[in-house]
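Trainee: For reference, the chains in residue letters:
Number of protein chains: 2
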Amino acid sequence: MPGVARAQSGPPLVFTDAARLPLVGRAFPERPSGWHRIAPGSYPDLPAAVKERLTNPAGLALSFTTNSPIIAARWCTADAKQNPNMAPIAQRGLDLYIRRGGTWLWAGVGRPGDGTVCNDETLVLNMDDSEKECLLYLPLYKELRSLEIGVTARSSLKGAANPFRKRVALYGSSIVQGASASRPGMAYPARLSRHLGVDIINLGVSGSARMEPAAARLVADVDADAYMLDCVPNTSPELIAQRAGNLIRTVRSRRPHAPIIIVMSIIRGLTHFNRVWAENMVRQNAAMLAEIKKLTDVERLTVIPADELLGHDGEATVDGTHPSDLGFDRMLRVIEPIVASALKQNGIL
Amino acid sequence: MPGVARAQSGPPLVFTDAARLPLVGRAFPERPSGWHRIAPGSYPDLPAAVKERLTNPAGLALSFTTNSPIIAARWCTADAKQNPNMAPIAQRGLDLYIRRGGTWLWAGVGRPGDGTVCNDETLVLNMDDSEKECLLYLPLYKELRSLEIGVTARSSLKGAANPFRKRVALYGSSIVQGASASRPGMAYPARLSRHLGVDIINLGVSGSARMEPAAARLVADVDADAYMLDCVPNTSPELIAQRAGNLIRTVRSRRPHAPIIIVMSIIRGLTHFNRVWAENMVRQNAAMLAEIKKLTDVERLTVIPADELLGHDGEATVDGTHPSDLGFDRMLRVIEPIVASALKQNGIL
Numbered sequence: 000m001p002g003v004a005r006a007q008s009g010p011p012l013v014f015t016d017a018a019r020l021p022l023v024g025r026a027f028p029e030r031p032s033g034w035h036r037i038a039p040g041s042y043p044d045l046p047a048a049v050k051e052r053l054t055n056p057a058g059l060a061l062s063f064t065t066n067s068p069i070i071a072a073r074w075c076t077a078d079a080k081q082n083p084n085m086a087p088i089a090q091r092g093l094d095l096y097i098r099r100g101g102t103w104l105w106a107g108v109g110r111p112g113d114g115t116v117c118n119d120e121t122l123v124l125n126m127d128d129s130e131k132e133c134l135l136y137l138p139l140y141k142e143l144r145s146l147e148i149g150v151t152a153r154s155s156l157k158g159a160a161n162p163f164r165k166r167v168a169l170y171g172s173s174i175v176q177g178a179s180a181s182r183p184g185m186a187y188p189a190r191l192s193r194h195l196g197v198d199i200i201n202l203g204v205s206g207s208a209r210m211e212p213a214a215a216r217l218v219a220d221v222d223a224d225a226y227m228l229d230c231v232p233n234t235s236p237e238l239i240a241q242r243a244g245n246l247i248r249t250v251r252s253r254r255p256h257a258p259i260i261i262v263m264s265i266i267r268g269l270t271h272f273n274r275v276w277a278e279n280m281v282r283q284n285a286a287m288l289a290e291i292k293k294l295t296d297v298e299r300l301t302v303i304p305a306d307e308l309l310g311h312d313g314e315a316t317v318d319g320t321h322p323s324d325l326g327f328d329r330m331l332r333v334i335e336p337i338v339a340s341a342l343k344q345n346g347i348l
Numbered sequence: 000m001p002g003v004a005r006a007q008s009g010p011p012l013v014f015t016d017a018a019r020l021p022l023v024g025r026a027f028p029e030r031p032s033g034w035h036r037i038a039p040g041s042y043p044d045l046p047a048a049v050k051e052r053l054t055n056p057a058g059l060a061l062s063f064t065t066n067s068p069i070i071a072a073r074w075c076t077a078d079a080k081q082n083p084n085m086a087p088i089a090q091r092g093l094d095l096y097i098r099r100g101g102t103w104l105w106a107g108v109g110r111p112g113d114g115t116v117c118n119d120e121t122l123v124l125n126m127d128d129s130e131k132e133c134l135l136y137l138p139l140y141k142e143l144r145s146l147e148i149g150v151t152a153r154s155s156l157k158g159a160a161n162p163f164r165k166r167v168a169l170y171g172s173s174i175v176q177g178a179s180a181s182r183p184g185m186a187y188p189a190r191l192s193r194h195l196g197v198d199i200i201n202l203g204v205s206g207s208a209r210m211e212p213a214a215a216r217l218v219a220d221v222d223a224d225a226y227m228l229d230c231v232p233n234t235s236p237e238l239i240a241q242r243a244g245n246l247i248r249t250v251r252s253r254r255p256h257a258p259i260i261i262v263m264s265i266i267r268g269l270t271h272f273n274r275v276w277a278e279n280m281v282r283q284n285a286a287m288l289a290e291i292k293k294l295t296d297v298e299r300l301t302v303i304p305a306d307e308l309l310g311h312d313g314e315a316t317v318d319g320t321h322p323s324d325l326g327f328d329r330m331l332r333v334i335e336p337i338v339a340s341a342l343k344q345n346g347i348l
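These protein sequence lines map, in sequence, to chains A and B. Take 0 as the starting number for the first sequence in numbering that gives the first Met the number 0 and just add one per residue. Take 0 as the starting number for the second sequence in numbering that gives the first Met the number 0 and just add one per residue.
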């Protein structure tokens, strides 16, 4: 049976530098060089690890139209190192959606080779030649160095306006950055974006999101209609007590009318048998709730409780911490209606 | 925050060769040398690629008890090559469950290093010292060369009887072998096994399951209470017409009273825009149904239709073919009640 063949085996393709195509999910109007989420050098006070994570284009997606029956891509990442808890397609691959009947429908992935920094892959082929609106999600967990989109010689390829008008900034940990979705478009911010029809600015920083003052300024500087904060998982109770109030007040003071939605930490599967983790998690969420209770003067503040986020069978994560697509699906069943309601109440949806 | 630390950083551990511990999910009473699913050299007529797949210990799990507060593992695989559509934990890692209150609850994973053939990892730590029943699932997609289980020096480690009494043989493609579960215990045969409390013999052979006469003999030779056949995805309509009747009749003739459950092919996401795939899939499932209709004399034959297996939003796979944990979860919502009913009707459950 035919699979998705390499670009080389089909008709000749013409490649276009994707730097010319519009990007969805951008934090700021100025487009950084390269494919970083924020310009290198901005926010010098951020921890080095956070700056590194912000070089990964999680949540960024190219917006274009084409009538090509084939869509291919050539791309290079900073390296080809592999995390144990993610598929290469998610970590350093590409994920294509095409709009059909008003819905974004999955169309194809760019599969990175084993250990290959540069890849040349067909994302989808054998399509009809109607004009199609495309969203191409970029790698979740690896700096992208170059990207070209290939279409057949007689086809069009045009940048398209951002299909999403309203903007939500979402600050968080590895879970927000997308670990461990199966592919970039399955990260929970990306799914929430397509479901609600809003642009979600992914400010997920794996291993961190510890609410440093510089991170609070970054989040508040993003001009958005609403703010989501999912930053409990990597922050100790002590740091939560020191920093959570400042983060929320910084956003509120800069964005007086925007809803702020706090996502409590998922209950990690590590808590099933590891007694240290079981105690940690209770303390983390309790510390966050204690800080939120102090903010009686902060309006339009919504809290999404932890209890139902991952269900109760312990099967929602790959490693006890990072939700699989199943875990993200369960999270969205809780999060999505609450976010939709907050956006509607504030005239954003 | 502490993660799961390496074995080296905790108390001294004593390692036991896992070849001495009982295995769940075995096809035949004779245990092959190594960690193969069937003995090398048996079924010489099988295609070479199928024989290779049967060296991967998909669906095999160690059964043991321990009161150690730490469980660690040292293991080596044939190589460390990585597929683009699977997490390393699934492809060549380990996945531990512990029974609590009658339910198998996830406890920890063994994470393979990037490119490392041999690994030494703590699966879980900080547990209480009660006696625990453990199931340790082996790598889905890589030949295992050695495996040792580590517990603290003062703890017990004993092989345990197979916790499952009834047996179901499940023959199929990569989807049965477990692509693209996030970890070995999330492959759909493994989840079905835990949910129903039956031993499922995983005869998933990635890229194949084309119902060759030798494969039909292998399936029928497995002494099981029921047989599941999920072997449409890689088989052309022409081969289905040639071979499906023989496969089903071979099983029926060898196992006159066992229920036989046919799983139709999931509708691949590749069909969304790829017109060749859209046509292929319709023809494959139609060919299988046509063969089944001819078998009017075969009793206790159940067919699970394709339509609802993956839902209808196109989000159930990593690459248009292989279900993520979300896709497997959706499949099980359809498959599990039908299998449970067939087993109950035949006095097996």
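Derived by calculation from the structure, the hints in this document are not laboratory data. Every value quoted in this text rests on a predicted model; they were computed, and no experiment measured them. Errors might be hidden in some of the hints.
Unchecked claim - Pairwise CB distance ranges, derived in the manner of DEER restraints:
hint: 1; chain 1: B; residue 1: Asn245; chain 2: A; residue 2: Arg274; range: 54 to 60 Å
hint: 2; chain 1: A; residue 1: Phe14; chain 2: B; residue 2: Asp296; range: 39 to 45 Å
hint: 3; chain 1: A; residue 1: Leu238; chain 2: B; residue 2: Ala77; range: 52 to 58 Å
hint: 4; chain 1: A; residue 1: Arg282; chain 2: B; residue 2: Ala77; range: 40 to 46 Å
hint: 5; chain 1: B; residue 1: Phe14; chain 2: A; residue 2: Pro28; range: 55 to 61 Å
hint: 6; chain 1: B; residue 1: Pro10; chain 2: A; residue 2: Ser235; range: 57 to 63 Å
hint: 7; chain 1: B; residue 1: Ala285; chain 2: A; residue 2: Arg282; range: 56 to 62 Å
For each residue, glycine too, the CB sits at the ideal point set by N, CA and C.
Trainee: Please check whether Pro10 (chain B) and Ser235 (chain A) have a Cβ separation lying inside 57 to 63 Å.
Mentor: Violated, since Pro10 (chain B) and Ser235 (chain A) (Cβ atoms, about 25 Å apart) do not stay within the stated range.
Trainee: Does the beta carbon distance between Ala285 (chain B) and Arg282 (chain A) stay inside 56 to 62 Å, or does it fall outside?
Mentor: Holds, at about 58 Å.
Trainee: Holds or violated: the 39 to 45 Å window for the beta-carbon distance between Phe14 (chain A) and Asp296 (chain B)?
Mentor: violated, 58 Å
Trainee: Could you see if the CB distance from Arg282 (chain A) to Ala77 (chain B) stays within 40 to 46 Å?
Mentor: holds, 43 Å
Trainee: When you take the CB atoms of Leu238 (chain A) and Ala77 (chain B), is the distance between them in 52 to 58 Å?
Mentor: violated, 44 Å
Trainee: Do Asn245 (chain B) and Arg274 (chain A) keep their Cβ atoms within the hinted range of 54 to 60 Å?
Mentor: Between Asn245 (chain B) and Arg274 (chain A), where Cβ atoms are some 55 Å apart, the hint holds.
Trainee: That 55 to 61 Å hint for Phe14 (chain B) and Pro28 (chain A) (C-beta), does it hold up?
Mentor: Holds, at about 57 Å.
Hint compliance for this structure: hints 2, 3 and 6 are not met, and every other hint is.
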